[in-house]
Amino acid sequence: DQQVKQNSPSLSVQEGRISILNCDYTNSMFDYFLWYKKYPAEGPTFLISISSIKDKNEDGRFTVFLNKSAKHLSLHIVPSQPGDSAVYFCAASAPGNTPLVFGKGTRLSVIA
Amino acid sequence: EPEVTQTPSHQVTQMGQEVILRCVPISNHLYFYWYRQILGQKVEFLVSFYNNEISEKSEIFDDQFSVERPDGSNFTLKIRSTKLEDSAMYFCASSEEGQGNGELFFGEGSRLTVL
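Protein sequences, first through last, are from chains A and B.
At position 76 of the first sequence the residue is numbered 57 (our numbering), and the sequence of numbers has no breaks.
Each number in our numbering corresponds to the 1-based position in the second sequence with 20 added.
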């Protein structure tokens, strides 16, 4: 039962262009969403989050958009840099300190 | 910058053996977690720990698994009798607040290989 789905296992983008990573969820109780980045041989690193009361959160080159009616969120990276090449995990949680549910991840390759 | 540290980075063990994975969470954090990732699959929640007791656990966290905070700094995951399917990357994480309220800080992971 995949409550958080990242349907694209991989994405290649040219340096300087926009990277858009997508995530869909099925559990309407989720109210907090996060993106984590993971390099090989390292643990996931928190990138950006968004609460369900907002539809956009921006932090430098990273912006997360939330469409609650579509149960969809996306991470935009602009401009993309080679150092952004990593696996990006979408995660979500419901109220009450419930466990984070992760998607399978999308491997982003930014080509110089 | 404070970080979560895990040891060992890689452990190879025979099926049926006991394994203990160790973690030192960030010192002022109150919530501790274990997650795992089987190769090629998603990161899965195992257990959360707060105030010296398990606050939540998943179906994966059966009787073969246990967690302990033996002193003020370490947080351990024990697998009593390992199975082949326990082979995975095990991530420890900690946070100041619960999972729904803030970010988790993950360690670099301990790779467990069960032969």
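Don't take each hint at face value.
[Stated by the list, open to error] Just a sample of chain A residues kept apart from chain B, beta carbon distances all over 10 Å, derived:
(1) LEU15
(2) GLU23
(3) SER30
(4) ASP40
(5) THR79
[What the hints assert, rightly or not] No more than 30 Å apart at the CA atoms, straight line, and that leaves these computed lysine-lysine pairs for DSS-like:
(6) LYS52(A) - LYS37(A)
(7) LYS35(A) - LYS98(B)
(8) LYS37(A) - LYS85(A)
(9) LYS(-14)(A) - LYS77(B)
(10) LYS52(A) - LYS98(B)
(11) LYS52(A) - LYS62(B)
(12) LYS62(B) - LYS103(B)
(13) LYS103(B) - LYS35(A)
(14) LYS98(B) - LYS77(B)
(15) LYS98(B) - LYS85(A)
(16) LYS103(B) - LYS49(A)
(17) LYS37(A) - LYS62(B)
(18) LYS49(A) - LYS(-14)(A)
(19) LYS77(B) - LYS52(A)
(20) LYS77(B) - LYS62(B)
(21) LYS77(B) - LYS85(A)
(22) LYS103(B) - LYS37(A)
(23) LYS85(A) - LYS35(A)
(24) LYS98(B) - LYS62(B)
(25) LYS103(B) - LYS85(A)
(26) LYS77(B) - LYS49(A)
Derived from the structure by calculation, the hints contain no laboratory data.
Each residue gets a CB set at the ideal place from its N, CA and C atoms; glycine is no exception.
Does LYS37(A) sit within 30 Å of LYS52(A), going by the straight-line distance between their CA atoms?
14 Å, holds
Would the pair LYS77(B) and LYS49(A) pass a check requiring their Cα atoms to be no farther apart than 30 Å?
28 Å, holds
Mind checking the alpha carbons of LYS103(B) and LYS85(A) for me, to see if they're no more than 30 Å apart?
At roughly 23 Å apart (the allowed maximum being 30 Å), LYS85(A) and LYS103(B) satisfy the hint.
Starting from LYS98(B), check that the Cα of LYS85(A) is at most 30 Å away, please.
25 Å, holds
Does the no-contact call for LEU15(A) survive, Cβ to all of chain B over 10 Å?
7 Å, violated
LYS98(B) and LYS77(B) were given as a pair; does the straight-line alpha-carbon distance stay at or below 30 Å?
This hinted pair holds, its Cα atoms lying about 14 Å apart.
If you draw a straight line from the CA of LYS(-14)(A) to the CA of LYS77(B), is it 30 Å or shorter?
22 Å, holds
Please work out if LYS49(A) and LYS(-14)(A) have their alpha carbons no farther apart than 30 Å.
15 Å, holds
LYS77(B) and LYS85(A) were given as a pair; does the straight-line alpha-carbon distance stay at or below 30 Å?
20 Å, holds
Run the distance test for LYS77(B) versus LYS52(A): straight-line Cα separation, threshold 30 Å.
Satisfied, since the Cα-Cα distance of roughly 26 Å is no more than 30 Å.
Does the alpha-carbon distance linking LYS98(B) and LYS62(B) stay inside the 30 Å limit?
21 Å, holds
Does the structure keep LYS62(B) and LYS103(B) at a Cα separation of 30 Å or less?
19 Å, holds
Hint check: violations occur at hints 1, 2, 3, 5, 7, 10, 13, 16, 22; the rest are consistent with the structure.
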